[in-house]
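Visitor: Work out the full structure: start from the sequences and follow the hints.
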Amino acid sequence: MLMWLILLVFIAVYIKLEAIGLYQRRQFPEMALAGFLWVVVLTYAIALQLGVYNLPNPSKVFDLFRPLIKVVISG
Amino acid sequence: MNEKTLSSQQTAFLLFMILLGGSYVHVPPTLAHQSAWLSALGGSLVGAYLILVLLHLQSLFPQTSLIRMSEKLLGKVPGKIVGLLYLWAVFIMAISLLQDNCIILVVMFPLLTCLFLRVTLISPAVYTIYKGVSSIGRLGELFTWLTLILTLLAFIITIPRVQPAFLSPLGNPAAIAKGVLQVAGWPFSMVGLLAFFLPLVNDLPDKKKVIYWWYLLAVVILVLKDVLIVGVLSPEILLSSRYPLLEVLRLDTFGGFQRVEMFFFLAWFMMSFFAMLAAYQCLALGGQALFSLSNYGFLVIPLGLGLVVFSLYTFQSDIDFVSLRVLTLPLNSLIPMLFVPTLLLVVAKFRNNL
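If you're matching them up, the sequences are chains E and U in order.
Reminder that position 47 of the first sequence reads as 47 in our numbering, one-by-one numbering, no gaps.
With positions in the second sequence counted from 1, the corresponding number in our numbering is that position plus 75.
Derived by calculation from the structure, the hints in this document are not laboratory data.
Backbone N, C-alpha and C fix where the C-beta goes; we use that ideal spot for every residue, glycine too.
Careful, some of the hints might be misleading.
[Unchecked claim] Cβ-to-Cβ under 8 Å is the rule here; a few derived chain U residues that face chain E:
1. LEU187
2. LEU190
3. GLY372
4. ILE376
5. LEU380
6. LEU399
7. LEU418
Guide: What follows is the structure in structure tokens.
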């Protein structure tokens, strides 16, 4: 419930502060970039709310360092 | 003053607050055991190197952001890839700092949920970033002196409980080297955040020395902090401690008063919030440079919500986060922060010699 409320507030504030201005100034590349960011953020926010944890996770990148870390810790 | 510029003094305060804020919620270099304070001293050389390289790059390309520099030196596409790598490190720092802030607040406010606390932290940050870079500069000016006074006060009342026997460095160079790597990754790699602020400094050529002086002061405080923590808690307790500084301060009593650590919580919170705010600001500035935007205003809210969501999604439990914190996260930020400026400096020097 809290997550939905937060999303609603953030989206409403964003529309009031930025989205209308971007559209009125015809800043379409900026609108596309903002739209992409919102899609990513909302996807993860909804996944979080629904308990879906199999989306690409930034923590997987940390695994790239595991071999190096093993060497450092055991060395 | 222009809302989009900083002075060298404000940048120095920023650096001071970022370094202290990034390190206060963390344990000292535990991999170095008893020699933690010595490792902190060694790790500070990495931060000094980063300042030197970033200032040198700034003198070669005045008022140019690191991402624009990389596009100029390496070409448009490779430059953007290198810029993205740098922004990745900033992103990791930002979500880690938000997580840290949240974890410490959960200790203080156990009935509030992580989501609520994160949004409570991000909302003022969104407002500050909207107001422009100079707001962060002014906030740094306001916070620094209060933080410095409270930190010194905390040190003064803690010093009598330090046991020198806990501080004698162990003769194991491997442990010290591991500790140096750990502390170089966190907090000293955070010096790399300066790359986004230096192009906005209006009096850098004349007054850049002030940045070095405040860096030196931050190093002294960080080493002193590690000396106090190791000297009071002992290396054995330190290894199992989640918030060693809080535990050290919790031992302090003043007359009949207890829970004196809550008094210093103000300084602690200001520093860690400020470090998170600076990393968030760098993400916005980095996005602006990466996509060649005239202003970053429309990125601020989705980036802020993104930090909230990704910090929850990436660090799904505190136990995972603590294990990542020891070396994985420091290395994740250290490698790009060291690699990118060094690469750009080498390429710039090479091109100048041609």
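Visitor: Now tell me, hint by hint, if it's right for this structure.
Guide: Tested hints:
1. LEU187: Because about 11 Å separates LEU187 (chain U) from the closest Cβ in chain E, which is outside the 8 Å limit, the hint is violated.
2. LEU190: This hint holds: LEU190 (chain U) lies near chain E, its Cβ roughly 6 Å from the closest one there, short of 8 Å.
3. GLY372: holds (6 Å)
4. ILE376: Hint holds; ILE376 (chain U) Cβ to chain E Cβ min 5 Å, cut 8 Å.
5. LEU380: holds (5 Å)
6. LEU399: holds (6 Å)
7. LEU418: violated (19 Å)
Of the numbered hints listed earlier, those contradicted by the structure are 1 and 7.
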